[in-house]
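Asks: Letter by letter, the chains look like this.
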Amino acid sequence: TQLLEQSPQFLSIQEGENLTVYCNSSSVFSSLQWYRQEPGEGPVLLVTVVTGGEVKKLKRLTFQFGDARKDSSLHITAAQPGDTGLYLCAGVRSGGGADGLTFGKGTHLIIQP
Amino acid sequence: DVKVTQSSRYLVKRTGEKVFLECVQDMDHENMFWYRQDPGLGLRLIYFSYDVKMKEKGDIPEGYSVSREKKERFSLILESASTNQTSMYLCASSPDGRYGYTFGSGTRLTVV
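Protein chains in written order, with my numbering: chain E, 1 to 113; chain F, 1 to 112.
Bear in mind the hints are in silico, worked out from the structure with no lab data behind them.
C-beta atoms are modelled at their ideal positions from N, C-alpha and C, and glycine is treated no differently.
Some clues are possibly wrong.
Some chain F residues close to chain E (C-beta under 8 Å, calculated; not the full set) [stated by the list, open to error]:
hint	residue
1	Leu90
2	Arg98
3	Ser105
Whole structure, please, built from the sequences with the hints as guidance.
Replies: Next comes the structure, spelled out in structure tokens:
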């Protein structure tokens, strides 16, 4: 079974601070996806990283895929209260994704005004 | 705007009842999935389908079955609901899972 470990599990910081969330595995994934989920809603896709060493930016969010394709990170610059939510990383299984993603347990992020 | 629609946001059912959770997508996606989400356990895959009338077991299929008679509709069935099936159920679809899933808003099921 491929496992994804996310850290930290909970993070509460002040508006304007920077933060990094980590997603680690002992397994190689063909790609990793990051989702954000708000209470009472389904996860919403933020980004997919495919190539080892790849870096993608989405406004103040920077996503990186490790060179060995076993880990990924999400860095938020100048966090805002609207960034509050549950952040999930998910790895594509060996079937190319058609047989489901493996999800980490998530990072609960709270940005206080 | 593409959508995955789950028929109910909240459901309360009694132990032993047969429960149907419906999911419809309007994106003509081949692949559809059912997950449950529980605190401390994350999202776990129950069943998935890569084509009409095709179904595959995920990581936790016990106590569940599925039906996919049409491409756009994927139903999750709890044959005899139990209290340990109280959970948030999430349906998702994808044309190619490598590039992301679209999730529904979820059904919060309580079995009493």
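Asks: Have a go at the Ser105(F) hint: is there a Cβ in chain E nearer than 8 Å to its own Cβ?
Replies: Interface hint status for Ser105(F): holds (5 Å vs cutoff 8 Å).
Asks: Double-check Arg98(F) for me: the hint is only fine if its C-beta lies closer than 8 Å to a C-beta in chain E.
Replies: OK, holds: Arg98(F) within 8 Å of chain E, min 4 Å.
Asks: At a threshold of 8 Å, is the proposed contact between Leu90(F) and chain E supported by beta-carbon distances?
Replies: Constraint on Leu90(F) satisfied, holds at 5 Å.
In summary, this structure violates none of the numbered hints.
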